[in-house]
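Asker: So the protein sequences, as listed, match chains R and C. Position in the first sequence (from 1) plus 65 gives the number in this note's numbering. Position in the second sequence (from 1) plus 65 gives the number in this note's numbering.
Treat the hints loosely; a few may be bogus.
[To be verified] Quick partial rundown of chain R residues pointing at chain C, CB under 10 Å, derived from the structure:
hint : residue
1    : W93
2    : Q106
3    : C113
4    : L117
5    : G132
6    : T134
7    : M135
8    : E144
9    : P147
10   : R162
11   : I183
12   : Q186
[Stated by the list, open to error] Within a straight-line C-alpha distance of at most 20 Å, the following computed SDA-like cross-link-like pairs (lysine to any residue) qualify:
hint : chain 1 : residue 1 : chain 2 : residue 2
13   : R       : K212      : C       : C170
14   : C       : K212      : R       : A208
15   : R       : K212      : C       : Q149
16   : R       : K189      : R       : G176
17   : C       : K169      : R       : A207
18   : C       : K189      : C       : Q149
19   : R       : K169      : C       : E144
20   : C       : K169      : R       : A208
21   : R       : K169      : C       : K212
22   : R       : K169      : C       : K189
23   : C       : K169      : R       : S73
24   : R       : K212      : C       : K212
Bear in mind the hints are in silico, worked out from the structure with no lab data behind them. Since the model is a prediction, treat every value here as computed from it, not as a measurement. All C-beta atoms in this analysis are idealised placements derived from N, C-alpha and C, irrespective of residue type, glycine included.
Protein chains: 2
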Amino acid sequence: MSKADCSSLDLTLTRIVDVPKEAVWRCWTEPALLLPWFCPQPWKTIACEIDLRPGGIFSSTMQSPEGVTMPTGVGCYLEIIPNQRLTWTNALLPHYRPSLTLEKCGSDDAGFLFTATIDLQDHKTDTGLGTRYTATVLHADAASAAKHAAMGFEAGWGAALDQMVAMIKQGI
Amino acid sequence: MSKADCSSLDLTLTRIVDVPKEAVWRCWTEPALLLPWFCPQPWKTIACEIDLRPGGIFSSTMQSPEGVTMPTGVGCYLEIIPNQRLTWTNALLPHYRPSLTLEKCGSDDAGFLFTATIDLQDHKTDTGLGTRYTATVLHADAASAAKHAAMGFEAGWGAALDQMVAMIKQGI
């Protein structure tokens with residue numbers, strides 16, 4: 066059960082998963098539970114920083130199969146409703162400072178700005194109470210959304226979610 | 066009593082004003098009370114939109130002495146602690162969408178990104194209970210802060226505050 070939607074500005078991934086939303090929430094908000102699933106294999110997440118409050122930092126560092134580390138950028142939490150909604154953006158640094166410098170603006174490595182929200186809702190499945198999981202990513206313009214889609218948003222976020230669900234089923 | 070401080074990234078204006086912080090808060094958060102003071106004369110603020118919640122819109126439109134209207138951009142509230150702290154940014158649009166498009170990024174009219182906070186604290190003055198008023202504006206880089214300073218941050222925000230205080234004293 067998978068649904069991907071791409072309006073011109075936003076990317077959305079909606080999935081029904083047969084694990085409780087409280088477990089999904091923990092996997093998104095506890096560093097030790099985020100590391101194992103956050104990055105699709107064979108890449109790894111080797112570090113992350115979570116200061117779970119509005120204005121707090123969310124950042125992670127990936128490692129390639131060849132052992133090259135790659136910071137994935139620093140984000141700032143905006144909305145935190147336990148077991149229900151988590152929103153952060155890379156348009157702001159911690160304490161809400163704008164992230165994009167004039168120097169970097171317009172250069173090829175500027176990447177793209179986004180605001181991501183994970184929404185979790187109870188959802189009855191054949192095997193019990195599962196979760197309706199929706200990831201929504203807002204961009205400033207269609208070009209940024211297209212760039213993010215081309216980087217593999219749907220496959221990447223979907224594969225990471227699969228890894229998370231498998232981990233939860235093994236027991237966390 | 067005025068103090069302006071400019072680190073390389075931030076601009077700050079601290080003033081002691083002899084009006085209560087609850088009145089200052091209302092002037093920042095009620096459209097009808099914001100219009101008369103928000104823009105240093107002879108410019109006028111002719112419209113503003115305030116959706117006072119995290120993720121809500123804050124925008125205003127100015128009019129030059131010659132009658133030319135000029136939208137001052139759309140911002141998004143981040144922190145709202147009544148009578149104490151108000152934070153918004155123009156790095157995000159309402160609902161936390163990043164504001165800076167790839168198209169605009171790097172162009173001369175990109176302006177600069179900022180996050181502004183108004184902090185209000187009780188402060189005893191000779192004439193009663195006043196307010197310690199601090200406006201802090203965070204930028205992504207020193208170039209943006211310098212651009213904002215050159216546009217007259219201190220004089221502009223100070224003059225607007227003077228207008229607000231005069232209005233409160235006349236009765237709101």
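Asker: Are the hints correct? Go through all of them and say.
Answerer: Here is how each hint holds up against the structure:
1. W93: Status violated, d = 17 Å.
2. Q106: violated, 29 Å
3. C113: It is violated, given that the least Cβ distance between C113 of chain R and chain C is near 21 Å, above 10 Å.
4. L117: violated, 16 Å
5. G132: Nearest chain C Cβ about 32 Å off; hint violated.
6. T134: With Cβ-Cβ at 24 Å, over 10 Å, it is violated.
7. M135: Cβ of M135 of chain R sits 22 Å from chain C, so the hint is violated.
8. E144: holds, 7 Å
9. P147: The hint is violated - P147 of chain R has no Cβ within 10 Å of chain C, the shortest such distance being about 16 Å.
10. R162: holds, 4 Å
11. I183: Where the cut-off is 10 Å and the nearest Cβ of chain C is about 13 Å from I183 of chain R, the hint is violated.
12. Q186: violated, 19 Å
13. R:K212 - C:C170: Roughly 15 Å between the alpha carbons, so the hint for K212 of chain R and C170 of chain C holds.
14. C:K212 - R:A208: The hint is violated at about 28 Å.
15. R:K212 - C:Q149: violated, 41 Å
16. R:K189 - R:G176: Violated. K189 of chain R to G176 of chain R sits at ~38 Å, over the 20 Å cutoff.
17. C:K169 - R:A207: holds, 13 Å
18. C:K189 - C:Q149: holds, 16 Å
19. R:K169 - C:E144: violated, 27 Å
20. C:K169 - R:A208: Answer holds: K169 of chain C to A208 of chain R is near 12 Å, not above 20 Å.
21. R:K169 - C:K212: Holds: K169 of chain R and K212 of chain C sit about 16 Å apart, inside 20 Å.
22. R:K169 - C:K189: violated, 45 Å
23. C:K169 - R:S73: holds, 17 Å
24. R:K212 - C:K212: violated, 30 Å
The structure is inconsistent with the numbered hints 1, 2, 3, 4, 5, 6, 7, 9, 11, 12, 14, 15, 16, 19, 22 and 24, although it conforms to all the rest.
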